Amino acid sequence: MTTVTNRERIEAVLDYDTFQRALLIVEKQPWLASKNERFNELLSFCSQPEEQNLVLDIVERYTYISGLELTRSLEQIAAKITNDWKCSPHDSVVVAMDRGRHADSSAAIAWFLKPILGDLADWETNQFYKALGEAASEVADGGNIVIVDEFVGTGQTLSGALVWLADKLKSHKKTATLYVATVAAMEIAKLKDLSLTKDFFATIWLKKSIQDHYPPERIMPLESLMLGMEDRLLKKDGYMKLSKYSLGYKKSQAAYFFENGNPPNNNFPIFWWKRLADGSRRRPLTPRV
Amino acid sequence: MQTVEKLLLKAAFQAPGGFDLYDLHRKFRLSPAILFQTCSDFEQRNIITREGMKVSLTNYGQQWVLTNRKKIFFTSTREWTQPSGWYFDEPRDPYMPYLPKLGLIDRDHFINLLRGSD
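First to last, the protein sequences are chains C and P. In terms of our numbering, the first sequence opens at residue 1 and continues consecutively. In terms of our numbering, the second sequence opens at residue 1 and continues consecutively.
Derived from the structure by calculation, the hints contain no laboratory data. Be aware that one or more of the hints could be misleading.
Stated by the list, open to error - Derived DSSO-like pairs (lysine-lysine); straight-line CA-CA distance at most 30 angstroms:
hint	chain 1	residue 1	chain 2	residue 2
1	C	LYS208	C	LYS174
2	P	LYS6	C	LYS28
3	C	LYS35	P	LYS6
4	P	LYS101	C	LYS35
5	P	LYS101	C	LYS28
6	C	LYS28	P	LYS10
7	P	LYS54	C	LYS35
8	P	LYS10	C	LYS35
9	C	LYS168	C	LYS250
10	C	LYS198	P	LYS10
11	C	LYS28	P	LYS70
Given the structure is predicted, the values throughout are model-derived calculations rather than measurements.
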């Protein structure tokens, strides 16, 4: 007798076209193979072929940052800092875009940049900081502060951080030129007032996964289809309300994942929300804390 | 060898002209990702070729399947399902003396027999 394990099988039988598409997408997005069971669960979560098609459309255009792509991004950021912004170790500091005390990917990016910048010029470890406030107190008057992060979504956090840092600098009676460099950012972030920074560089710019990819007449039906899927998720999980993240935080419609990272809440909740409407746990494609 | 690998090779061996991957999905609900991964592994080893949904064995693959037919086509022996060997020991001759396991003997057996005969 042949026993197919749960790891190998999918709960729902797909129609021919959907199966064929899913196969092609796995070929195009090889990271899905390592998330086989989660990908199966996502496809089984869809109740009709239209939903499967929409999910496959979004998964197909998912931006997945692998270790190799991260290396490329970090090298681009380092080149930007050194060649274009002319920031030197003598007059600049690099700081993670974080003001809190909890672990954050921006600190990881600052850390990753150390050896790459150190290879280009004489950067020292004490020129990299993990909290914005430190940069304000450590930068030389008239120097440069390079704020780094992994992902910028709506730009709201960045905008707030720039205002906060500018105030901090004032309180230290200093001036500094602010630059922002990030691995990925959403194009909607450009709509925010980021005038406090001299330049904002992202190695990858992301569009909204529904709104910026379909003709206008299809957007509303597809968003409704997505909202229909969200209806099958638990409305409130702990302190988090699904409505706040509907279509992604501030409806940003992101489809982005940094390998081994914590995905942003700008992603559609069907990709990261932990519970179904009945309260049972699900295994989302890219789990998030 | 994983079940998905066996199913894929069996299907390819039984259909010399090639078979459609969807058939395996429909019949066994094998997932697209696992089928893709398995195909890629066998393609890299030149055992199968895949063109879109159609999969067939290469000449080398046919030889390879025949060489490995035991683990592909036959169910592996599950030894834990068989009773232990001691269960099938040769029966003893009832007239031959033997030394029993003393720890297993009921020391009061004969006393109880005598008491029963009172």
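- Distance restraint between LYS198 of chain C and LYS10 of chain P, which requires alpha-carbon spacing of 30 angstroms or less: violated, 63 angstroms
- Message: Tell me if the straight-line CA distance from LYS35 of chain C to LYS6 of chain P falls inside 30 angstroms.
- Response: holds, 22 angstroms
- Message: Check the hint pairing LYS28 of chain C with LYS10 of chain P against an upper bound of 30 angstroms on the C-alpha distance.
- Response: holds, 27 angstroms
- Task: Would you mind confirming whether the straight-line C-alpha gap from LYS168 of chain C to LYS250 of chain C stays at or under 30 angstroms?
- Result: holds, 28 angstroms
- Message: For LYS208 of chain C and LYS174 of chain C, compute the direct alpha-carbon distance and say whether it is at most 30 angstroms.
- Response: violated, 38 angstroms
- Item | Given pair status - LYS35 of chain C, LYS101 of chain P, alpha carbons within 30 angstroms | It is violated: about 57 angstroms lies between the C-alpha atoms, which goes past 30 angstroms.
- Query: Does LYS6 of chain P pair with LYS28 of chain C here, judged by a C-alpha cut-off of 30 angstroms?
  - Reply: Holds, at about 25 angstroms.
- Message: Please verify whether LYS10 of chain P and LYS35 of chain C have alpha carbons no more than 30 angstroms apart.
- Response: At roughly 26 angstroms apart (the allowed maximum being 30 angstroms), LYS35 of chain C and LYS10 of chain P satisfy the hint.
- Given the hint that LYS28 of chain C pairs with LYS70 of chain P, test it: the Cα-Cα distance must not exceed 30 angstroms. With Cα atoms ~35 angstroms apart, LYS28 of chain C and LYS70 of chain P exceed 30 angstroms; violated.
- Item | Pair hint outcome, LYS101 of chain P versus LYS28 of chain C [Cα-Cα no greater than 30 angstroms] | Violated, at about 69 angstroms.
- Query: Given the hinted pair LYS54 of chain P and LYS35 of chain C, is their alpha-carbon gap at most 30 angstroms?
  - Reply: holds, 24 angstroms
Hints 1, 4, 5, 10 and 11 from the earlier list are contradicted by this structure; the remaining hints agree with it.
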